[in-house]
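S.K.: For reference, each letter of the sequence shown is one residue, going 1 to 481 in my numbering.
A couple of the hints might just be wrong.
Each pair of labels, with its calculated beta carbon distance range [as the list claims (entries may be wrong)]:
#1 Q231 x R196: 15 to 23 angstroms
#2 R196 x E312: 35 to 43 angstroms
#3 D168 x D64: 31 to 39 angstroms
#4 Q237 x E6: 29 to 37 angstroms
#5 D292 x Q231: 31 to 39 angstroms
#6 D168 x E312: 29 to 37 angstroms
Think of the hints as simulated: they come from the structure by calculation, not from any bench.
Built from N, CA and C at the ideal position, the CB exists for glycine as well.
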Amino acid sequence: MSLPMELAVCLASGASCRVSLPPESSVHQLRAEAQRRLGRRGLRLAVAEAEEVTLSEAGLKDGDSIAAAALPIQLTSTVGAFAVHAVGRALTWGDPQWGADSSQVREQLAKVQQIKANQGAFAAILDDGSVVTWGNYDYGCNSSLVREQLVGVRQIQATLRAFAATLDDGSAITWGYPDYGGDSSQVREQLVRVQRIHATQTAFAAILFDGSVVTWGNPEAGGDSSHVREQLVRVQQIQATAHAFAAILDNGSVVTWGIPGHGGDSSQVREQLVHVQQIQASRNAFAAILEDNSVVTWGPPDCGGDSSQVQEHLAGVCQIQATECAFAAILDDGSVVTWGHPDFGGDNSQVRERLKGVRQIQATQTAFAAILDDGSVVTWGNANNGGDSRQVDGLLVHVNQIQASASAFAAILDDRRVVTWGNPRAGSESHDVHEQLVHVQQIQATGKAFAAILDNGSVVTWGDSSWGGCSSQIQTELDLL
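Please model the entire structure based on the sequences and the hints provided.
M.R.: Put into structure tokens, the structure is as follows:
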């Protein structure tokens, strides 16, 4: 064996370390050792792109200094699995039926730029613009029929069981369950100069550069826009409920289509929908904020489609958040107005007096959590699913941001520790990893589990183990990211 060479690995921050390895060691071994010494994952070394090459093959010599960049580590999730990627590589864990098993494509998951997920499958865009997919077959994991067409992909959108990719040339390629938008053959010739794509649970809507819209997928749930096609001109943005679309035109008016009972019929409020600035959606209803900061709603009353009981209070609205069946509006004075199903957070009367100085609101499926200017938190809605935070109120101080699973919350404090509450089966119990949850940068969630990325790039998980709450089986690989 050759004598080891001494190499210096240096970060832009000024941090550095010295590594001693034989010349026949791989670049991967060099990076792993540098990460261990620097206590930081996600390093990219300014040497050969292929980590399998040896140090000598990479042209390194004893005494060389190597620049390194600490790249961000990104988390993506389906309903029951996580995917993490950094330095071009990706790892998955959780429930195999929700996309946790990427073993069949592991060798292809190199040079990953971004990952998109639907309910049960993942799609990774590589740096050459190609795509790799995996997960549940019924959710669009098989892209083999369109693989040759998936070149120059710039972004991917998803319904529950299908994907749609926008290419650099402005065309769009789809795959997955046909009834969920996986088959766009009938509109393929129209999918040119695509600007961006939006989705309901079962249909897609593409905004073209001329402001027109092309739709496909489940015809009842937004895939058929033929009856409003002439109205869909100069479209600026689109919002979606589970089964309907709402498009804002450049004149501030709104066009809707899809299942009428899911927000697809706005005829009763059409005259009020003028100068619309933005639209928020619950599962089946829409709420539009107008230029004068008033609000217009439509859809099923028990899902937030009827705001008549609070209409006089909906003035000076800055932003709106939604659970599945209720809305919460933050006013310019920092107070909050709610409407919709009481069991889903539509009634905040018990905490109304405390909702002052609200700066942001997060939601589970059935509860709201508001962060106040002083960093405290006020919750309401379904008590079992995050609407009751009394057991941790003393810990909820200096809260910076909140993430939500289906029925639990996780708050990151200013000191970057974490406080959790809500349904124990959905990630509210983090005591087993409490000591590890320090210097937290971001949190991602599946339906029943959480994953946190720390400053050093490590990943901490908790919640239902079969939904991604336990990453122990791939911990060694995570340590090498």
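S.K.: All hints, please: hold or fail.
M.R.: Structure-based check of all given hints:
1. Q231 x R196: 15 to 23 angstroms: holds (19 angstroms)
2. R196 x E312: 35 to 43 angstroms: holds (36 angstroms)
3. D168 x D64: 31 to 39 angstroms: holds (37 angstroms)
4. Q237 x E6: 29 to 37 angstroms: About 56 angstroms separates the Cβ atoms of Q237 and E6, which means 29 to 37 angstroms is violated.
5. D292 x Q231: 31 to 39 angstroms: violated (23 angstroms)
6. D168 x E312: 29 to 37 angstroms: violated (50 angstroms)
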